[in-house]
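Chains as they are written, first to last, in UniProt numbering: chain A, 1 to 668; chain B, 1 to 668.
By construction, these hints were calculated from the structure, which means they are not laboratory data.
Every residue gets a Cβ at the ideal spot worked out from N, C-alpha and C, and that includes glycine.
It is possible that part of the hints are untrue.
[Unchecked claim] If you want the ones that stay clear, here's a sample from chain A, every Cβ over 12 angstroms from chain B, calculated: (1) Thr138; (2) Gly223; (3) Gln260.
[Said to hold, decoys possible] Derived contacts from chain B toward chain A, CB cut-off under 10 angstroms, selection only: (4) Phe16; (5) Asp17; (6) Met55; (7) Ile131; (8) Leu140; (9) Leu169; (10) Asp195; (11) His214; (12) Phe414; (13) Tyr423; (14) Lys444; (15) Phe482; (16) Leu600; (17) Tyr654.
[Unchecked claim] If you only want the chain A side, here are some residues facing chain B, beta carbon under 10 angstroms, derived: (18) Pro54; (19) Asn64; (20) Phe98; (21) Pro411; (22) Phe414; (23) Tyr423; (24) Gln466; (25) Gly590; (26) Gln652.
What follows is the residue order along each chain.
2 protein chains.
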Amino acid sequence: MEGIDHLAPERSKSQFDVDEMKIVWAGSPHAFEVSDRMSRLVASDPAFRKDNRPMLGRKELFKNTMRKAAYAWKRIIELRLTEEEASMLRSFVDEPAFTDLHWGMFIPAIKGQGTEEQQKQWLPLAQKMQIIGCYAQTELGHGSNVQGLETTATFDPKTDEFVIHSPTLTSSKWWPGGLGKIATHGAVYARLLTDGRDYGVHGFIVQLRSLDDHLPLPGITIGDIGMKFGNGAYNTMDNGVLQFDHVRIPRNQMLMRVSQVTREGKYVQSSVPRQLVYGTMVYVRQTIVSDASIALSRAVCIATRYSCVRRQFGGKKGGLETQVLDYKTQQARLFPLLASAYAFRFVGEWLKWLYMDVMKRLQAGDFSTLPEAHACTAGLKSLTTSVTADGIEECRKLCGGHGYLCSSGLPELFAVYVPTCTYEGDNVVLMLQVARHLMKTIAKLGSGKRPVGTTAYMGRVELLMQYQSNVQKAEDWLKPNFVLEAFEARAARKSVDCAKNLAKFSNPEEGFLELSAELVEAAVAHCQLIVVSKLCFRFIEKLQQDIPGKGVKQQLENLCIVYALNLLRKYLGDFLSTGCINAEQASLAGEQLRSLYSQLRPNAVALVDAFNYTDHYLGSVLGRYDGNVYPKLYEEAWKDPLNDSVVPDGFQEYVRPMLKQQLRNARL
Amino acid sequence: MEGIDHLAPERSKSQFDVDEMKIVWAGSPHAFEVSDRMSRLVASDPAFRKDNRPMLGRKELFKNTMRKAAYAWKRIIELRLTEEEASMLRSFVDEPAFTDLHWGMFIPAIKGQGTEEQQKQWLPLAQKMQIIGCYAQTELGHGSNVQGLETTATFDPKTDEFVIHSPTLTSSKWWPGGLGKIATHGAVYARLLTDGRDYGVHGFIVQLRSLDDHLPLPGITIGDIGMKFGNGAYNTMDNGVLQFDHVRIPRNQMLMRVSQVTREGKYVQSSVPRQLVYGTMVYVRQTIVSDASIALSRAVCIATRYSCVRRQFGGKKGGLETQVLDYKTQQARLFPLLASAYAFRFVGEWLKWLYMDVMKRLQAGDFSTLPEAHACTAGLKSLTTSVTADGIEECRKLCGGHGYLCSSGLPELFAVYVPTCTYEGDNVVLMLQVARHLMKTIAKLGSGKRPVGTTAYMGRVELLMQYQSNVQKAEDWLKPNFVLEAFEARAARKSVDCAKNLAKFSNPEEGFLELSAELVEAAVAHCQLIVVSKLCFRFIEKLQQDIPGKGVKQQLENLCIVYALNLLRKYLGDFLSTGCINAEQASLAGEQLRSLYSQLRPNAVALVDAFNYTDHYLGSVLGRYDGNVYPKLYEEAWKDPLNDSVVPDGFQEYVRPMLKQQLRNARL
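Between the sequences and the hints, there should be enough to build the whole structure, so can you do that?
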């Protein structure tokens, strides 16, 4: 069976150039080349194998992560990889590790919040990994409400030091990855107290452990916070707890790019605009959107391939049964997720552009687009991560019973992904921020200032309030304009409705709290519109011009429309209750969707092949490239430690006596 | 902090008699008493502690399960527990074990499918646990399509034996719990081949392992299929793989209640109706619905209590922050789940009645209500398990970051629950069965035969097609009639739409496949109607009469309406597109819902206290009865094996060299 491509018939059915699609997915020929090379490098190296992960106990698991991180670093140095290559290599190792926080949070915190001098002092150490950092912000009692953090940093002018202290149990730092067992240093966030005042939360570089014996420094208590969701998943990470008992650090370890404390203890703002910090948030959330498309596409790839291997019911007597992907129920659940994976990928690319645009403007002193960009990335982070988390679990269910096995890769993928809905801004809290921005935008409409960026459509609010769709036949829904207008009208009306209801409250904050569930709905409608508009206009228009490769354009257009029409069906209550479309048009959308599913069906396997994932990265017997599922599933089973012996340890002690017992007085 | 009830202020706010509600929830004073006593028995016995479960490796975990199962059996015998008590004790141990399948599937299979003689031979052995059985039906290649099983049982008239054989890899039995390491016997399902014909799938009792040395008998290969989703979760169960190589069993080990093979190899039907088998399915699925309410209520209990402990944002400067349960966004996500937990509980009780009614009729030779009862339980199994699985995960997210810790109990609850969506009928496949039944019902409407049971409303289809809701103000939605009529009209119209579209196809089966996604939607609408109608009529009516206890009735009425109106909002597209209600009425439903949330808020903690769960059973630091969350969360963290040593094993080997390395040739 080895070496046979069981999915070859599927691949031969596809109607487009997969190699060209791989480049579209990767973003550019260069991005494809690097990603392809790094993924193969990891996949071909047995040191990076991960199939044994679910069976390891916590200590072994963590030791294994240290080994891989050290080995990855060794290869990065040996092969003289660029930063881009190194970062990709780490992501293909596909295992949360303390190094993620070091590279992804600690170093960026110094870069973003440190002065030039501080950067010169700390970055070389960090970049050579002579120190390892973590990002210690959240506390046992405070996550979302960063301004409520309790840890204090009190300036002592006598010694020119800050005294870092945890005044309560709930002020214990809680969750920082890399903190529990590894980090030597932390970017620690604490309330700055000086000159008799509380200046709110600021960042400090604090050494946590000795560079000699790795023991926590005096006054510092650190531990791991314990097991988390899933077998392997985030248990490879040492999320930690940290308490300070009057720990002293030099004054120059406050991150002082935006504000400083002088030798005398005066608090001073620098000329660097505070808004730069928001720029960093735009950056981080943009990467989360890109990562959402990766996580979702992995799950979709597994479910799509296995849905072609799995056969159940139907078929002629004695012949093969029907491939489960041929069932419309399977298509109606899977294809919208396939479309979402592509949609999020392109929106992620657009966000990259947005980030660069915002930064360029910030550097030129133009802060005008920042609030809109900030709201937009917050909303898209929320939207894409929620859909992805649910989508991975849906893909698991689409694999039937076998999706419940760790060897399917899907339980791990889910467990490792779901915290994304909570970290870097809880998804509901973020949508409320978007809603606030929308309400502000509406409030300003009368002022004559036109709304910008993704809220520009609000400038046409009067037209949109009167909009009624002109769709008359199913094919009309293939036209980007019809789709876009319906989404604009729905989003505008949901927001305007909220604004009207808010106006009924004498206290606007009270109104905002009372109507928050409706405000979240309006924000979701707005964010879905952003995705649809980027697909319809930026993306499909771009397609008209310069996408080469046979059939690639057609597939992408189909995916974009599937993304939009599926949302339209799912949120039909919105579209109908706001009167943007009528019931007949909704039914035509359903009809068009079914027709698009039929068109996607022969291309499904090729569309997931275009993600270019190695079998190592997928980590799924069900999602194997060659479709040789059942023999491998059988082979995997025998590797479970429970199969080390025929009669399990404990049987003689516990079960045998039960079987041999002579019962006298049972009532049963 | 010990001994203080941090949730006392919440409890004192409640407006109803919690003790009376406990009895309503349990079903009767007797049921409450047994459940209360058994749960305390388990909770107070340190042998049953389970908080260490996520940290155990697979072998230790499984050994621990054997220990608990043996100990539970010992207690059952010592205390001379009744069957009801024993079964409750096992469920409060709260850990999947091989004994579940022995008691829950193997013994019922013999009772349901064995002749009296076979029952006399096998039941005493099984009931004394002198043999331990499993239920070996699904195969690597076949789950949903039971009729497609490949294992063969060929009658050999020469020796009066069946030869059980696995002809292919995909015919390996795969998934049976208890099979992998423990079961001595199995109810094995195989195609019966005799007299030159294939008579389809039948059950056989097959001894799998020696009662002396516990080794698999000759010709039998058995193993565990490996790790599954979650840390502890179903990894305490030895789901197994099983292959037969021409294994011989005596003819009298075919389960022969419904059909027999004679000494000569003739296949004969007995006078016992085949339909009895469907009766068993009704029973099993009814218990799954009851279990859904239990699983969902556990998650809701944890999220509700913790939402009162957790405070974030808001609050006066220096004062306490706002309890997160006071946020409308939290209420709008949590309270519908609280209402669903109650709704499923009552529907489960009704299904018990339905099962007994069907069995009474079957025994009297009346098969008329069976198809409807079968469709109804299939649909409710699908509906309630899907909502519960998603609801548990939603509760986890409602606990913010800390819900991701195993010590929250929620990851386990989710991972152990989700297979319910797949086993005993995949939820989508079941909804298609319901849809088929609905289409048959509609097809027969012309014949003058009135539809029965839960499809009775179809008899008024002409009226329902013209229905337009008369709701004029928000309070109208409190009237059960308005709610019920809207749900009836929506369900009827969804079904009629499907029937009309089906009629356009010349080949009905083709039409059914093409429209299956829409058919599933119609079936969901029907099943939601069942729940709503049982709540609105059977349940609220019952309330009018005989529910004692201050305020209990009011709370239950509120929960019922919350259940219904939340669905109405969630499936608004259905209600609007079918024209049952208009946009204004939808908006009034939203208004009424918000008002009900405010009424539920002060009663929320008491409503989850009414479930009467011990802290042991909840297994959640976040859901502790006393609300003393943060000190206990902190305490739990230190129990992780990774905290056994300050410097983790592997640090010297892997991380220290990295920190001490002098880099020369890095490009970074």
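Item checked: Reported absence of Thr138/A from the contact zone with chain B (all CB gaps over 12 angstroms) -> violated (7 angstroms)
Checklist line | Interface hint for Asp195/B, Cβ within 10 angstroms of any Cβ on chain A | finding: Hint violated; Asp195/B Cβ to chain A Cβ min 20 angstroms, cut 10 angstroms.
Next item on the list: Classify the hint on Leu169/B as holds or violated, based on whether any CB of chain A lies nearer than 10 angstroms to its CB.
Entry: holds (6 angstroms)
Next item on the list: Classify the label on Gln260/A as holds or violated, using whether its beta-carbon is more than 12 angstroms from each beta-carbon of chain B.
Entry: holds (26 angstroms)
Notebook entry, point to check: Was the hint right that Phe414/A lines chain B, CB cutoff 10 angstroms?
Noted result: holds (8 angstroms)
Next item on the list: Hold the hint about Gln652/A up to the distance rule: shortest CB distance to chain B must be less than 10 angstroms.
Entry: Holds. Min distance 9 angstroms.
Item checked: Supplied contact hint for Phe414/B, tested at 10 angstroms Cβ to chain A -> holds (8 angstroms)
Margin query: Min Cβ distance, Met55/B to chain A: is it shorter than 10 angstroms?
Written below: For Met55/B, the interface hint holds, since the closest Cβ of chain A sits about 6 angstroms away, which is under 10 angstroms.
Next item on the list: Have a go at the Asn64/A hint: is there a Cβ in chain B nearer than 10 angstroms to its own Cβ?
Entry: At 8 angstroms from the nearest chain B Cβ, Asn64/A passes the 10 angstroms test, so the hint holds.
Notebook entry, point to check: Going by Cβ atoms, does Gly223/A stay more than 12 angstroms from chain B at every point?
Noted result: violated (5 angstroms)
Margin query: The hint names Tyr423/B as touching chain A; please verify it with the least Cβ-Cβ distance against 10 angstroms.
Written below: holds (7 angstroms)
Next item on the list: For the hint on Ile131/B, just tell me whether its beta-carbon gets within less than 10 angstroms of chain A.
Entry: holds (7 angstroms)
The structure fails hints 1, 2, 4, 5, 10, 14, 15, 16, 24 (numbered hints given earlier, in ascending order).
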